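Peer 1: Next come the chains, spelled out residue by residue.
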Amino acid sequence: MEADTQAHVAFFLTGRRQSELLDAVDGLDLRPALFAGYRELSQLRYDYPVVLVAKPSDEHFVQSLSGLMDAALAAAARGSEAERIRKHAMRLEQEIRALVAAGASGSLSAIWDKAASRLAKGADKSMTDSLRRVRAAIKIDGELADCDAAMPARLLRHAWSEVQKQKAEAFRKDLDRLVLKLSDILKADFERSEAGRSAKHLKASVGSGYNDTFDFDAMSRLLAKSLPKDAFPEIRRKRIRELLAVLGAQQFYPSADATAKKGTAKPYTFFFDSCSDALAAFRERMPRLTELARAIAIAELEIDGQYSEAKHGALFEQFGANGLDPQDLAPFPDYLVCVNAGRLRADEHAQLMEILSSGLPIKVMLQIDDILEEASVGDGNLSSGTRSRQIANMAIGLNEVYVLQSASSNLFRFRERMLRGLTYGGPALFSVFTGASAEASGLPPYLMSAAAMESRAFPAFTYDPSAGTNWASRFYLEANSQVELDWPIQGFSYEDESHQRVSEDLAFTLVDFVASDHRYARHLARVPREKWNGSMIPVDESLTRERKGLPDKVPSVMMVDANNVLQKVIVDERLIREARRCREMWHSLQELGGVHNSHAEKLLARERKAWEERMQKEAEAHAAAPVSAAVASAERSTSATPVAASAPVEEEPQRSPDEAYIETPRCSTCNECTTINSKMFGYDGNKQAYIADINAGTYAQLVEAAESCQVSIIHPGKPRNPNEPGLEELLKRAEPFL
Amino acid sequence: MNMMSDTMSATACLLQMADEHFELEDYQSGVPRWCTGCGDNAILAAVQRLCRDEALRPEKTVFVSGIGCSSRFPHYMKTYGFHGIHGRALPVAEGVKMARPDLTVFVNTGDGDCTSIGAAHWIHAIRYNMNLTVFLHDNQIYGLTKKQASPTSPIGTRSNTTPRGSYLEALNPLTVTLGVQNVSFVAQAADWIPEVLFDIVKAAYHHKGLSFVRIIQRCPEWLPKALDPWMHDPNKVQLLHHDDGLQLSTGLSRVYKNQLEHDPMNIDRAREIASGHETIPVGILYRNPAVPCYEDLRYSDKLRTPDLTRAGLNAELDKYTVWPQEAKEKVA
Ligand SMILES: Cc1ncc(C[n+]2csc(CCOP(=O)(O)OP(=O)(O)O)c2C)c(N)n1
Ligand code: SF4
Ligand code: SF4
Ligand SMILES: [Mg+2]
Chain A
1 MEADTQAHVA FFLTGRRQSE LLDAVDGLDL RPALFAGYRE LSQLRYDYPV VLVAKPSDEH
61 FVQSLSGLMD AALAAAARGS EAERIRKHAM RLEQEIRALV AAGASGSLSA IWDKAASRLA
121 KGADKSMTDS LRRVRAAIKI DGELADCDAA MPARLLRHAW SEVQKQKAEA FRKDLDRLVL
181 KLSDILKADF ERSEAGRSAK HLKASVGSGY NDTFDFDAMS RLLAKSLPKD AFPEIRRKRI
241 RELLAVLGAQ QFYPSADATA KKGTAKPYTF FFDSCSDALA AFRERMPRLT ELARAIAIAE
301 LEIDGQYSEA KHGALFEQFG ANGLDPQDLA PFPDYLVCVN AGRLRADEHA QLMEILSSGL
361 PIKVMLQIDD ILEEASVGDG NLSSGTRSRQ IANMAIGLNE VYVLQSASSN LFRFRERMLR
421 GLTYGGPALF SVFTGASAEA SGLPPYLMSA AAMESRAFPA FTYDPSAGTN WASRFYLEAN
481 SQVELDWPIQ GFSYEDESHQ RVSEDLAFTL VDFVASDHRY ARHLARVPRE KWNGSMIPVD
541 ESLTRERKGL PDKVPSVMMV DANNVLQKVI VDERLIREAR RCREMWHSLQ ELGGVHNSHA
601 EKLLARERKA WEERMQKEAE AHAAAPVSAA VASAERSTSA TPVAASAPVE EEPQRSPDEA
661 YIETPRCSTC NECTTINSKM FGYDGNKQAY IADINAGTYA QLVEAAESCQ VSIIHPGKPR
721 NPNEPGLEEL LKRAEPFL
Chain B
1 MNMMSDTMSA TACLLQMADE HFELEDYQSG VPRWCTGCGD NAILAAVQRL CRDEALRPEK
61 TVFVSGIGCS SRFPHYMKTY GFHGIHGRAL PVAEGVKMAR PDLTVFVNTG DGDCTSIGAA
121 HWIHAIRYNM NLTVFLHDNQ IYGLTKKQAS PTSPIGTRSN TTPRGSYLEA LNPLTVTLGV
181 QNVSFVAQAA DWIPEVLFDI VKAAYHHKGL SFVRIIQRCP EWLPKALDPW MHDPNKVQLL
241 HHDDGLQLST GLSRVYKNQL EHDPMNIDRA REIASGHETI PVGILYRNPA VPCYEDLRYS
301 DKLRTPDLTR AGLNAELDKY TVWPQEAKEK VA
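Note that the protein sequences, when read in sequence, are chains A and B.
Take the first sequence: its letter number 443 is residue 443 in the numbering used here, and every next letter is one higher.
Take the second sequence: its letter number 35 is residue 35 in the numbering used here, and every next letter is one higher.
The shape of chain A in the complex, shown without the other chains (with noise of 0.2 Å):
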C-alpha cells in the first residue's frame, strides 16, 4: 500500500491525522460541493420570505413572496411591456429578500415601499411604473417572515390564531343563538303570565298611537280568562335564568362586542412557553369549562323543549365526572405552547409527554435548532438529531397525536398540513428543525435547515390519526426527494485542470451536511489534490461495502472552499457510523410509509412463488391431456348456469265463506261499519277495520255493514244464531260478498 493511501486508512480508522499528508479542514470554509451555486441565497428565488396573511381566507394564511409575485405577474404584466415589467418586478423581490435577510422587518407593503425607494433611485420612469402596476395586482398585506430562528413559531402561532378566530367566530354565533332562544322562552313566559297581561303591558305594547282606541283593562279582563292551565314551572325558570349566567360569564372566547361590560371577567389567553404552564392552566380551567359545556348542552335540550327533569337531571348532574370527550370539547379554544428542544429541561419533558398521550387539544412547537449536538453520553459519540427524533417518534407511537417533521426550509410546504394539526381534535406535535446553529458553519438557517432534510438527518413526514385507520392514509413521507433512495442523488458538474466539463452524480448523505460543521472538524481530513487517488470512494459507496480486514478504500466527500475550488475530503469511521445510523432510521421511516416494505416485500415473494408453481402444474397438465382438460372446462361453466330463483309467495289464511272476516289491509277507514255497531266493529293499531267480537251484534248488522262498506270488504258469512228473524231474507243480501 502506498504512503498516502496507508496515511487515509490510518485516518479513517483512527481519526488521526499525519499532518504532511492530510490537512485540516478548519478554517477552510468548505461546504459540500452540492452548495456550491447557493452561495447568494437573496440572488435566488426560493420560498422564502413568506407573508403571513392578515385577515386570510382558508389555507391561505401563508403565502410565499415569490408565489404572490408570480401571480401578480401573471396578472399585471400583460403585452409589449410584459418583459420589462417582469425584470423589474423581480429585482424588487430581490431587493426585498435582501433587505429581509438583512434583518428588516415589517409588513409586505412596507418593505415593498422601502425596496422600491431603494431602486427607483437613479433609475428611470419605468421601473416606477412597473412596480406600481405590480403592486396593484397584489391585494394581500400581512408581516414578511424570513426563514430564520424565529419563523417556525412566528408562522405557526400566525396559523393557530386564525383557526382559533374562526372557532370563536362559530362559538359566539352558537351562544348568541342559544342565549337568544333561551331569553325568548322566558319572554314568551312572561308574555303569558298575570304581569304580561296586565293592563298597563298591554298598552305599552300597543304603543302610544292607539291609546285612547282600546280599553285595555276590558282587554286584560278578557285575556286573564284564558290564562294557560300548565302554569311554567318554576324550576324550569331557575333553571333557564342560571344558563343564562354561566352563558354570560364564559371567559374561553372574548365577547363579540369590543366594549366588554364592566364586571365580566378577562377571557383566558391560551398561548405558553412551556409545557407545564398549560397543563396547570388547562386543570384549574376544567371546572369552568365542564360548567359551560353543560349549560350548552342543557341548552340545546331547552331549547329544543326536550328537556326533562326526570330523564335529565341525573345525567347531567354527573356531567364531565369522567372528563369529557374529544366531540364535546371541539368547539373550545386550542392551546399552543412553543418550546425549544434545546432548553428542555427533564420535568419539562415529563410535562411535554404528559400532554401528548393526555389527547387534549394542546398543540405543542418543539423548537430543534441544533440536531449536530454531541450525545451526552460523550467520549466523541455523535448523536445528530436522534434526541429530538425520539420525540417525534414517540408521539407516532402514542397514536392519537398529530404529528409533523420538518425542516424550516420545508414548512412553507407543509402549510396545510399545519393547519391540518392545527385543527385536529386531539394533541398535535410540531417537532421543526430551524437550522439556526448555522453560526457553526457559515450556512444561513434556509441551506442548513434543507441540507437537514435533504440529508435524512431530519426528514419531513406527518402522522394524522384522522386520515384513516391505516398507516397508508396516516403517514406521509412524500415531501423528501427521492424518497425510495438510501440517499438523494444530484447531478454535479465542474470544470477539471484542462478546463474539460466533468459530470458526475452526487449522493447527498449525512457527511455531506455534518462536513461543513466546525465541531466535527476533527473526523475530517482534506487531501492535498496532488493525493488524490482511486482509494478515495464515495461515501454511499463505501457503506454499501462490507469490510473484512484491513479497508483499501476510504469514504470521502467534495466540497468547495469559498473560492468555489473544487476539494476532496476523507471522513473517519466513527462519521461513517453515524451514516450509517441515519440510514437505518430513515429506513424504518421508509417502511412506515411502504416504501421498501418488508413485510409486503415477505408477501410478495411468497405469491410469485406460489404463482410460479401454478403456472408450472398446469403447463404440465396441459402438455399431458390438452383435450380432455377443455372439455371439462366447458361442461363447468354450462352447469355454473344459474337457477331461476322463486320469490316467495306472502301466504293469506284460507278462509272458509261460513266464516265472518273483513279483508283488513283494504279497510279505507270509512266509519262505515263503526257506525252500524262500534263493538262488533273495531279498528286495529292501524285504525283500520276487524271484526272486534262477533257476538257483540247480529246476522243483519254484518249484512248491513257488509253492503255499506265502499270498498265491499266485508264478509258476513254464515249465521250464527239459527233464531234470527228474517235470516232467509238475510242469506240472500249476504251472498255477494261470501
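No wet-lab data here; the hints were simulated from the structure.
Since the model is a prediction, treat every value here as computed from it, not as a measurement.
Cβ coordinates follow ideal geometry from the N, Cα and C atoms, glycine included.
Each hint should be verified, as a subset may be incorrect.
As the list claims (entries may be wrong) - Listing some non-contacts, in silico: residues in chain B with all C-beta distances to chain A over 10 Å:
hint, residue
1, Arg49
2, Pro163
3, Asn182
4, Lys257
Said to hold, decoys possible - Computed cross-link-like contacts, EDC-like style, restricted to lysine to aspartate or glutamate with a CA-CA straight-line distance of at most 16 Å:
hint, chain 1, residue 1, chain 2, residue 2
5, A, Lys687, B, Asp26
6, A, Lys238, A, Glu309
7, A, Lys531, A, Asp4
8, B, Lys302, A, Asp4
9, A, Lys187, B, Asp26
10, A, Lys181, B, Asp102
Please arrange chain B with the ligands on chain A, whose structure you already have, making use of the hints.
Peer 2: Okay, now just chain B with the ligands, sitting in the frame of chain A:
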C-alpha cells in the same frame, strides 16, 4: 374527525335519550265531523300512521289548510295546525316553513281550495319548491258548501251551480303540476286503496322539496256513485311501480293486475301517463330530489334578534307612512 366518529359524545348520548315512542292516539284529536264513508277518513288514518311510524314530534309538526270539508283536517291532528282562509293554505304554509325550517309542514287542501280560488298560489308553490308535503283531497266537488261543481268535476256533473251538468272538461291537477318549473314530486293515490295511499304518503314525506299528492277522494254525500266504475273494476286502476318508486305487495298485485313499470325520473313519460283518460294511474309519477328548495336558497344564518325584527318592521311600516309636510321638508 375519523378517530372519533364511532364514539358518541356525552352530549350526543343525552340528546339521543330524548327519542320517544308514539302511538296513533298521540296524534288523534277529536272525532272527525266528516260524513260516514267519507274518503277523508282514510287520508287521516294514513297520515296518523305516518306520524307514528316516523315518530314525528307533535310540537314540531304543523298541518296547514284552507277552507272546505277536507280543510278541517288540522282539527283532527294533535299537532300544531292552522285552519286558514279559502285558497290560501299554501302561502301560509310557505310562511311557516320560511320562518321555522325546523318544523315538518303538511298542507291539506281541497279541489276547490287548491285548483279554483287558490290556483295562483298553487302554481307558484310548485315553482318555489319548498319542503312541504301537500295533499290535494280531490272529491271533484265543493263538499262543505253542499255540492257546487269544482274545476276537477268531470264534464256533465250535475250540481247546484250546474243543474244541467257542467259544461267544461275537468282540469287535470297532475298535468298542471307536472308542467310547472321546478316541480319535484308528483304522485296520485286513491283513498280506497289504503296500502298504496300509505306508501305514497310516506314517500311524499321523505321527499325533500314540495311533494304534491293528489288523492282521489270519495264524497258519498254529494257524489255517491261517481267513482264506482273505478272501484268496482280494479283493472281501471293502473298501479305504477319501479325500483325507485313503489314496490307492490303480492296481496295488492292479486287484486290490481293492471300494472306499469314507470321510472319516476322520467318526466315526459310522467306527463303522458298523467294525461290518460280511461284508467286512473296510482303511484309516483315524478320525483327529482335534485331541485333546490327556496328556503335553502334564501337561507340566512343571521340571528333574528328583537332589534333586527324591530328594524325590519319599522322599515316596512315606514313605506306606508304619510309624512306631514313639515317633516318631509325637514328630511329634505
Ligand atoms: C273567500 C271565500 N270564498 C268562498 C268561500 C265558500 N266556500 C267554503 S268551502 C268552499 C269550497 C270547498 O271545496 P273544496 O275545496 O273542494 O273542499 P271540500 O269541501 O270539497 O273538501 C267554498 C267555495 C269561502 N269560505 N271563502
Ligand atoms: S265499512 Fe269497510 S272500509 Fe269502512 S271502516 Fe268498515 S271495513 Fe273499513
Ligand atoms: S260532504 Fe263529502 S267531502 Fe264533505 S265530509 Fe261529507 S262526504 Fe266528505
Ligand atoms: Mg272538494
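Peer 1: Now tell me if each hint is right for this structure.
Peer 2: Comparing the hints with the structure gives:
{"no.": "1", "hint": "Arg49", "verdict": "5 Å, violated"}
{"no.": "2", "hint": "Pro163", "verdict": "27 Å, holds"}
{"no.": "3", "hint": "Asn182", "verdict": "31 Å, holds"}
{"no.": "4", "hint": "Lys257", "verdict": "15 Å, holds"}
{"no.": "5", "hint": "A:Lys687 x B:Asp26", "verdict": "13 Å, holds"}
{"no.": "6", "hint": "A:Lys238 x A:Glu309", "verdict": "13 Å, holds"}
{"no.": "7", "hint": "A:Lys531 x A:Asp4", "verdict": "7 Å, holds"}
{"no.": "8", "hint": "B:Lys302 x A:Asp4", "verdict": "83 Å, violated"}
{"no.": "9", "hint": "A:Lys187 x B:Asp26", "verdict": "29 Å, violated"}
{"no.": "10", "hint": "A:Lys181 x B:Asp102", "verdict": "14 Å, holds"}
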